[in-house]
Amino acid sequence: MRLVPTLAHHPDARFLFAAQPSGHPDSIDAAPRFLHDVLDWLGIPTTRCHVVTTPVIVDELVVAPQAEQLGGPGPTEQHLNLMDDIARRHLSGTKRDRCVYVSRAAQAGHFAGEDLLEEALAACGVQVIRPETLPLGAQLRTYASARLLIFAEGSAMYGPLLLGRSLGDVVVLVRRPGQRLARPSLLPRSTSLRYFEGIAEYMPGRTWRGDVANFGGLTVLDEKELLQTFDVLDVPVRDHWDAARYEELCRKAPADALKINEAAERERIREAIRMRLASTGAQPTPEHELTEFDRRVIEVLENMEGLQPDAPTGGEHPEGAPPL
246 MRLVPTLAHH PDARFLFAAQ PSGHPDSIDA APRFLHDVLD WLGIPTTRCH
296 VVTTPVIVDE LVVAPQAEQL GGPGPTEQHL NLMDDIARRH LSGTKRDRCV
346 YVSRAAQAGH FAGEDLLEEA LAACGVQVIR PETLPLGAQL RTYASARLLI
396 FAEGSAMYGP LLLGRSLGDV VVLVRRPGQR LARPSLLPRS TSLRYFEGIA
446 EYMPGRTWRG DVANFGGLTV LDEKELLQTF DVLDVPVRDH WDAARYEELC
496 RKAPADALKI NEAAERERIR EAIRMRLAST GAQPTPEHEL TEFDRRVIEV
546 LENMEGLQPD APTGGEHPEG APPL
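Positions in the sequence shown are counted from 1; adding 245 to them yields the working numbering.
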């Protein structure tokens, strides 16, 4: 996080973002939606933001220290004060009056039977959200409105880094053994922070090359410990729990998780090819423009069910890359 400290000391600063080696994105307008949402939250107009795709020389370059880092160290008091100021602009009138569960049920890495957990929590009056379906601002407002905020451990836990001391009691259901994700950043932002680890079995995901992908793993929670955790939190999940259905869902979970993981991996591969081919210009050729890695990836994609992109043959493609 360098944007906020830079803005604090240089309120009229212009911001440079380096593009990926492929040259994508080549403009701030082409940047991912989440970057636009972050800039909007921080109050930085996109007219002051520029994407650098080639070497540049500037009269004065300001590089602020990192205000905090994901694995620690956490934020300084000065940085939290700045984030409090920003949060107040967006959270006026927000009350901590609810319990919120932040789910990963639709993600490649999730809990077995998490759909059932969502249903049981909703029956308890808990607001269940899947953050990937919400704009960033709505996510942050929801987090700040929670008296008790329960995360399924995952990347949504980095969202509150855009808040100050805005969180109530935070609980994390650990998905990967020993993981204490975002602890240095969440601890000073919350009234309390607890991690519950009741894992019966953990099966990491795999990339298309067979490498371990912990972000896409499946976690089977110990049913007894899970229900005891919610007893401690005074959330009566037990009253709405279907043990037989949970057992059935856990039995089916590995096959279902594999389908989700394969779909997510397929999309990552597609994006990698788009970017690599886009960087070659309008006439990519296997002999001179593409690496052996590119050709192997295209071969894998062609063999995937329902996905048959046209490999480049040396002729010009209207878009500069084969349709994926």
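Don't read these hints as lab results, they were simulated from the structure.
Among the clues, some could well be false.
[As the list claims (entries may be wrong)] Cβ pair distances, simulated, as ranges:
(1) V303 <-> K340: 39 to 47 Å
(2) L280 <-> D501: 30 to 38 Å
(3) V307 <-> A445: 49 to 57 Å
(4) V308 <-> A488: 51 to 59 Å
Note that the Cβ used here is the ideal one computed from N, Cα and C, for glycine as well.
>> Could you work out which of the previously given hints the structure breaks and list their numbers from low to high?
In response: none
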